[in-house]
Amino acid sequence: MNVPTDLKYTESHEWVKLGKNNETATIGLTDFAQEELTDIVYLDLPKVGDEIEAGTECAVVESVKAASDIYAPLSGKVTEVNQAVLEDPAIVNEDAFGKGWLFKIKLADPAELEELLSDSDYEEILSEKESRDEDEDEEK
Amino acid sequence: MDYIPNADADLSVMLREIGVASFDDLVAAIPASLRQFKMELPVAMSEPELQRELGAMAARSKPLDALTSFLGAGAYEHFIPSAIDHLVSRGELYTAYTPYQAEASQGTLQLLYEYQSLICRLTGMDISNASLYDGGSAVGESAYLALNAQPRRSRIVVSSALHPEYRQILKTYTAGMEVEIVELPVRDGVTDLDALASAVNENTAAVLLQSPNFFGCIELMQRAGELVKPKGAWFVAVVNPLSLGALRPPGEYGADLAVGEGQPLGIPVGYGGPYVGFLTSSKQLVHKISGRIVGRSVDTEGRDAFCLTLQAREQHIRREKATSNICTNQSLMALRVGIFLSLLGKRGMREISELNLRRSHQAAEAISRVPGFALKFPRAPFFNEFVVTCPVSAQALCDRLEGEGILAGLPLGQFYAGMERELLVCVTETKSTADIERLSEALGRAARREV
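If you read the sequences in order, they're chains A and B.
Counting with this note's numbering, you get residues 1 to 140 for the letters of the first sequence.
Counting with this note's numbering, you get residues 1 to 451 for the letters of the second sequence.
Since the hints were made in silico from the structure, they are not lab data.
Don't take each hint at face value.
Mimicking DSS-like on lysine-lysine, the simulated pairs with C-alpha atoms at most 30 Å apart in a straight line are [stated by the list, open to error]: (1) A:77 <-> B:38; (2) A:129 <-> B:321; (3) B:288 <-> A:104.
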C-alpha cells in the first residue's frame, strides 16, 4: 500500500501535508480510503472561509458503493478548495496523494499536530487492519 | 386464533429471559382498557350474502358522477382519458412495485424515467424523484430534507394558506426534531410578504409557500423567493401541477424544491387515495433529496439502459446520515401521471389549464351576482378555486345543496376560525355553463331559505 513518508495521517484515513512553518495544511483522502470506497462519484467539500474543527465531519465523499464522512484532521479556516476534484471526483481515485487533494486550511492550533499519525504509525494501522480482515475472511 | 408461531414453551423461555412473570406483566404499561379489546364479529356469511351486504354498503356512498361537485381543496375532479385505465390495468404494469432488483425491470425503470422527465418539463425543475406517496408527504419530506441537510438551521416558515392538512403532516414529520414552525398570516388571500421578510432569518432551513394556495389565490412566488434567498434558506414551492399549463413553473422563479400532489394528473379523486406526490429540485440539491431516482445510462454493449442512480443519498447506503427514510415510491400512480401527461402533451396541458381558469372565473362572476354573495378576496388572482362569502353559514348551504345532488364546495370554518360564512368553491374543466348556473341558482335559493 502506498503511504508517502512526507505526510501525516489520521485513523479515519485522511492525509495532511504541512506548508511552510506548519501554518497551512493540504488535506486529502489516502490511497487506502479511495480503494475501499471504489469509484468516487461525488464530493461535498467545505467552502472557502468555513471554520472546521479537528475530529468533526467536514465533508462527504460518495462512491458508487458507499457514502462516507471526511473528518477534519486539524482545526482551521478553509483557504482553498480543489475545484478540479469537484468537477471530476475520479481524480481522487487516480491520484489520491497528488492531484486528488481536497482542500487547504490555515491552522488554528499547531498543537493539534501532535495528534496526527506518522507514515509508519499509519502503515501499522493498515497492516493490523489487513491481518484482521484476513482473520475475518477465514472465520467465514 | 392468531398467527404468531410461539409455542407456550417458547413464550415461557422468552418471558424468563426478559425477567417478567407473564405476558400481561410485559405489557403492563399499556392501559388495561386497550389490552382488553375484543373483536365482536358476526358469524361468517356465505359469498352471496356477503356480496349483497357489501353492495348495500357501497350504495350508501354517493359516487362523484352521480353528483355535481364543486369540491376541491387538494383533491380535484378532472377529465381522465380512458386509455389510462386500460393501460395501467395490464398485468405487467398493474403488479409493478418499486423495483428491488431494479435493473432487472427495465420497462418499469423506463416508465419512471419518463415520469420524471415529464414532471421536470412541467415544473421547469432540474431533477425529479420517482414519486412519493402523496402531496402531503411530499410537503413533509421537503421540510425534513431542508432540516437534515442544514443541521445548523432549525426554523421552518410556512404560510397559513398552505393546505391545513399539509401543515398537520408537516408537524407529524418533524415531531421529535429540534424545529420551530412559524406560520405566516394571510392578507387579501395571499401570504403577507412583510411578515415573511421578518420571519426568515439565518436560522431558517426552508420557507414553504403554496401557489395556488389553499384559498385558490396565486402567490407572488418570484418576490417571495427573492426574500428567502439572501438568508440562505431553501425556497419550497408547493404547486398544483395542472395549473402549470397556465402559470409560471417553479423552475422559472428559482424554487429550490417544488413539490405537490399529482392527483389532478389522471388520478380519480377516489376516497382520498391512492394519490402520488412529486418532489423536484434544482441540480444543486440532487445529493440531498429523498426517494428513488431513475437514471438513463448505457449497458456494456452501448444500448440504452435505465438504472437507479445516486443511491448514496438513500438510507440503505448512507444509513443514519441519510436526509430521509423514504426508500420507495408510488409507481402505479406515477404511471397514470406519465400517461396523462403524454396524452395531453404541452398544448393539451395549456388548454386544460386555461379551461380551468375560464370556467372558475365564469363561476366566480355568476356567484358574485347572486344577492348576498361576494368574493372574499376580490383583488387576488386565482386559478380554479376561489372563496365566496355567503350571507349565511356555509355549512348550512352545503347541507341544503347536497340534498339536490350538488357538492357546493368546502366550508372553511372547519379549518379557519371566523370563516364560518366562507365557502371554497372549485370549478374545473369538468363543469359546464349549465352546471355553473345550477350552482348559483341553488345557492341563491338555499340562502333565501336559511335567512
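Cross-check of the supplied hints:
1. A:77 <-> B:38: With Cα atoms ~65 Å apart, residue 77 of chain A and residue 38 of chain B exceed 30 Å; violated.
2. A:129 <-> B:321: Within the cut-off at roughly 25 Å; holds.
3. B:288 <-> A:104: holds, 25 Å
The structure is inconsistent with hint 1 alone, although it conforms to all the rest.
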